[in-house]
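Colleague: Can you build the whole structure from these sequences, using the hints too?
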Amino acid sequence: MIETLFAQDALATPMAFGLALLIGVAFGLVLEQAGFGSSRRLAGIFYFRDMAVLKVMFSGLITAMLGIAYVTAFGWVSLDSIYLMPTVYRAQIVGGLVFGVGFALSGWCPGTAAAGLASGKLDALLCLVGAVIGSIIFNEVYPSVALLQADSGVQFVYANLGMSQPVFALLLTIVAVLAFWAVEYVEHRRKTGICCFNSPSLKGFGTALIVLAVGLYIATPNGVKATDEAAAGAEQGALATPMPVTSGLLAGIEAAGDHMEPEELADRLLAGDPDLLLADVRPAAEFNAFHIRGAQNVALTELETYLQPYRNRGLIVLYSNGMTHPAQARDYLFGRGFQNAYILTDGLTGFIERCLKPASLRPEPVPEDTAGQIARWRAYFLDGARPTIPSAEPVQLAGAALPGLVSTEWLDENRAHDAVRVIDLRPQPEYNTGHIPGALHLDIENLRGNVGGVGSMLLPARLIGECFSLMGVRPFDTFVLVSGDKVHDATLCGMALERVGHQRYGVLDGGFGKWAAEGRHTDAALPSVAPSDYPVDASADRFTVDYTEVLQRTQDRFAVIIDVRPAGYYAGTESGEARAGHIPGALNRPYVEDLAESDGYKQFKPTDVLAAEYQKLIPSQDSPVIVHCRTGHQASQTFFVLSHLLAYRNVLWYDGGWSEWAARPELPIEGQPGHAGSAGALP
Amino acid sequence: MNAMPKPPAKYMNPYLAGFLLGLTLLGSFLILGAGLGASGGLARIAAFSECVIAPVHTRASEYFGPWCDQPLRYYLLFMLVGTFLGGLISAMFANRVEFKLERGNKAPALLRAVLALVGGVLIGFASRLAAGCTSGQALTGGALLLTGSLVFLVCIFAGGYAAAWFVRRQWDD
Chain S
1 MIETLFAQDA LATPMAFGLA LLIGVAFGLV LEQAGFGSSR RLAGIFYFRD
51 MAVLKVMFSG LITAMLGIAY VTAFGWVSLD SIYLMPTVYR AQIVGGLVFG
101 VGFALSGWCP GTAAAGLASG KLDALLCLVG AVIGSIIFNE VYPSVALLQA
151 DSGVQFVYAN LGMSQPVFAL LLTIVAVLAF WAVEYVEHRR KTGICCFNSP
201 SLKGFGTALI VLAVGLYIAT PNGVKATDEA AAGAEQGALA TPMPVTSGLL
251 AGIEAAGDHM EPEELADRLL AGDPDLLLAD VRPAAEFNAF HIRGAQNVAL
301 TELETYLQPY RNRGLIVLYS NGMTHPAQAR DYLFGRGFQN AYILTDGLTG
351 FIERCLKPAS LRPEPVPEDT AGQIARWRAY FLDGARPTIP SAEPVQLAGA
401 ALPGLVSTEW LDENRAHDAV RVIDLRPQPE YNTGHIPGAL HLDIENLRGN
451 VGGVGSMLLP ARLIGECFSL MGVRPFDTFV LVSGDKVHDA TLCGMALERV
501 GHQRYGVLDG GFGKWAAEGR HTDAALPSVA PSDYPVDASA DRFTVDYTEV
551 LQRTQDRFAV IIDVRPAGYY AGTESGEARA GHIPGALNRP YVEDLAESDG
601 YKQFKPTDVL AAEYQKLIPS QDSPVIVHCR TGHQASQTFF VLSHLLAYRN
651 VLWYDGGWSE WAARPELPIE GQPGHAGSAG ALP
Chain C
1001 MNAMPKPPAK YMNPYLAGFL LGLTLLGSFL ILGAGLGASG GLARIAAFSE
1051 CVIAPVHTRA SEYFGPWCDQ PLRYYLLFML VGTFLGGLIS AMFANRVEFK
1101 LERGNKAPAL LRAVLALVGG VLIGFASRLA AGCTSGQALT GGALLLTGSL
1151 VFLVCIFAGG YAAAWFVRRQ WDD
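Residue numbers (the numbering used here), protein chains in the order written: chain S, 1 to 683; chain C, 1001 to 1173.
No wet-lab data here; the hints were simulated from the structure. By construction, the Cβ of each residue, glycine as well, lies at the ideal position given by its N, Cα and C atoms. Any given hint could turn out to be false.
[As the list claims (entries may be wrong)] Taking beta-carbon pairs under 7 Å as the criterion, some of the chain C residues facing chain S (in silico): (1) K1006; (2) P1008; (3) G1033; (4) L1080; (5) T1134; (6) L1145; (7) L1146.
Modeller: What follows is the structure, encoded as C-alpha cells:
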C-alpha cells in the first residue's frame, strides 16, 4: 500500500516541493508537446477548428481514471490517501461558467498559460497577470461570495447516478471514444485535422481504453470498497462524531447555532469536559497576559492545520476578545468541513463580564446559587493554581472536577475516547504483560533527574514537555494516571503535569490492581501514537519551593511543614542520607497513612476520614502547607490528597526534600524524637 | 512572418499526449496524493503580491490572511514553476519559442491583449471560486469521478461556447 505525501500530511515539506516541481516539469512537457503553448490552438475547440483540447484532455482524464481505478482495485493505494475535493455545486457551476468565458476570451487556462509563457507568448503573460489580479479580486470580495461555497462534501458522480464505479467508468470511456471518433470526423470533413481520422493508432488507443474499462468491470463489478467507504465517510461527516458527547448539552448548543454561551463554557471547563477544545485565536502576547484557563493559543494562520485532528470530533470553541475574528475563523473552518466549531458568545470580554465579574460588582441582584457559581468560576479561572472543590462534597469522579480521582467504571466507559490518555506507571515488565488497552507506559524516573546538583528532582517544564511530545499526548487530553502498588508514582506524574500547566488529569482510584481485580479488559498491545508538539506553560508551577523558602518558613513559622516519610526516618532512627532527623518544626504524617489496602490493591482512605485526620494537623484550608519527603516522590501523594481531594488551597511542595536538606550542612535539623514541638503554629 | 532558422517540430499525436498527461496525473496521485494544479500556484503568487502591497489589510483578509506568513510555501506553486520549466524545455527542443502576441492575422493587437488580460482576470477569479482550474479541478477531479469537478468541466465548455462567438474577431485571418 502506497502512503502518499498527502496521507502523511507531508505536502508542505521540501521533498514534496521537489517532487511537485518534477511532476510539474512532466506536466509542462506534455502540455507543450500537445501544442498547448499556443492560444490559437487551444481556442480552436470553441470554433470547431482544432479539437485538440478535447482529445488531449479527455484521453488524459480517461487514462488517469482507469489508472486510479486499477491501482485502488489492486489495493496499491487507498482513495483515503488521495485528496478528494468536496463538491460545491453553486461555486462550481458559477465558477465553471465564468472560467469558460475567461478561457474563450484569453485562449488560455492557468497551466497552459505557463507553457505558453515558456514559449514566449505575450498573451500568456497577460493572462497570467490577469489571473493573479482575478485571485486578488476574489480575496477582496470573498466575504460576499463565501455563501456560494456551502459544500456538499465529497460526492462521486456514479453514486449520485446510482451506478457502480466500473459501470460509470465503462460508459464514460465509451462516450470518450465515440467523441474522439466524432471530432476526427468533423475535422476530416472540414479538412482542419492533422491526424488520426481512421488511423490505426486511434483505433488501437480507443480499443485499448474500452478493453481496460471492461477489464475493470470484470475485476471489480461493484467498484472499489475504499471508494464507498470514503464516500460514506464524507457524507456522514457530521454524524461521524465518535465521542460520547452529552446529548442534552449538545442539543443546547445546536439550538444556539454556532455559539456557545460563556456560562456553559465555564461549566464545561470546570468539569474537565474531555470533548472540549478551547482555542484562543489572539496574538501570543495577549494570550500570555491572560487567557481562559484550559485554552490553547492557536494562530489564525495555523488554525486549520492545528485543528485537523479534531475535525468533527468533540467540540471546538474559538474565542478572541470580541467575536469578529472567531466568527470568520469559524466560517472558514465550516467551509473546510468542520461542523463542530463554535464561537464563544461575546468573546473573552463577555466571558469576563458574565462569568468572572464578582457578584458584588454586578448592578442587578444576584441569586445565592448564581453567586456561588460565580465564586467557583472565579476560583477556577482567576486563581489559576488550584480549582476550588467545595469541601462539603469532595468529588470522586473525573468529569466533575480535575485533578481528582477517576473511578475504574468511568475509565472503562471513556477509555476509547480519543482525548482520554491512560498513562501506566507500573514497572515495564508488568506493563508489557498486560495493561489497560491503549495505555502508554511511562517510567516515572524519566521525568526526574539531576537539577543543580540535586538528584531526583522533577525535570524543568521544557523537558517534561518534550517527554509528553514524544508520547504523542496533547494539551487538551485528559490523562488518567495508573499506578501499581505505588500510588505516589501516579501523583508524581501529576506533579509533572501540573508543572507544565496541565490540570486535566485524574488518578485511577485503586490503580491497576483494582482494574484487574474487577476483571476489566486488558491487553498487551502497543498503543498507537502520533508524536505531538506539547506546548508548555512555563509559568504554571507556582507550587514548588526550594530549601531557602523552607528555611524561611522554619524561622517565621508561616507554614505547616509536613514530613511524609515513614516515622523512623522522621525520628532519625533510620537514615540513608547525609544526616538523620527532620526539618525543624516539621510534623510527621507518613504518606502511607493516607492509603488503605483491600483485595490486594491500595486505595485512598475515604475523603471524610482523610479530612478529619488532616484537620488535626493544619489549621485551615487556606493555611500554607509545605509537604516534603526524601526526594519529592512520596510527598507528591500528600500534595495530591491535600490539594485535590481535600481542597486545601495553599499547598507547596519541597521537591529537594530531606536528601537535599540533610546534605546541606548549613541547614538546621532536629534529630531527636520529640523535638517536633510546637511546629505549625500560625500567627 | 519572420523567417526562422529551423521549422518548429510537429505537435505530438494528441492521444499520445493525452495518455502521457493521464500518466502524469496518475503519478501525481500516487506520489503526492493530490492531482495536478496550476491556479493554486497563481493564487499563492497573488497572495504574496497582495501581502507585499498591503500587508496589514491582506493579513486581516479572510481568504489570503492565513497564507500571509509563508504564501510561497505551497506545493502547487512549485508545480507551476515546474510546468513553466517543462514547457520551456519542450518548446526549445521543438523550436517553438517565439516572442509574440498570438492572434489572428487581421485581429488588432490591442483587442487581443485586452481579451487575454480580461480573460485572465475571469479565470483567476473563477478558479478561486471553484477551488481549481482545468487541471486542478476539471481534470484531476474528473479522473476521480467527483461530481463537482465534472459539473465544473461541463460548465467550462458551456461558458466557453457561449462567449466564443462574441470574441471570434481576435482570431480573424
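Colleague: Identify whether the interface hint at T1134(C) stands, where standing means a beta carbon of chain S within less than 7 Å of its own.
Modeller: holds (4 Å)
Colleague: Hold the hint about L1080(C) up to the distance rule: shortest CB distance to chain S must be less than 7 Å.
Modeller: holds (6 Å)
Colleague: Would the stated hint for K1006(C) survive a check requiring a Cβ distance to chain S of less than 7 Å?
Modeller: violated (15 Å)
Colleague: Going by Cβ atoms only, is L1146(C) closer than 7 Å to chain S?
Modeller: holds (6 Å)
Colleague: Against chain S, with CB atoms and a cut of 7 Å, does the hint on L1145(C) hold up?
Modeller: holds (5 Å)
Colleague: Using the nearest Cβ pair, does P1008(C) come within less than 7 Å of chain S?
Modeller: violated (10 Å)
Colleague: For the hint on G1033(C), just tell me whether its beta-carbon gets within less than 7 Å of chain S.
Modeller: Where the cut-off is 7 Å and the nearest Cβ of chain S is about 3 Å from G1033(C), the hint holds.
Taken one by one, the earlier hints fail for this structure at numbers 1, 2, listed in ascending order.
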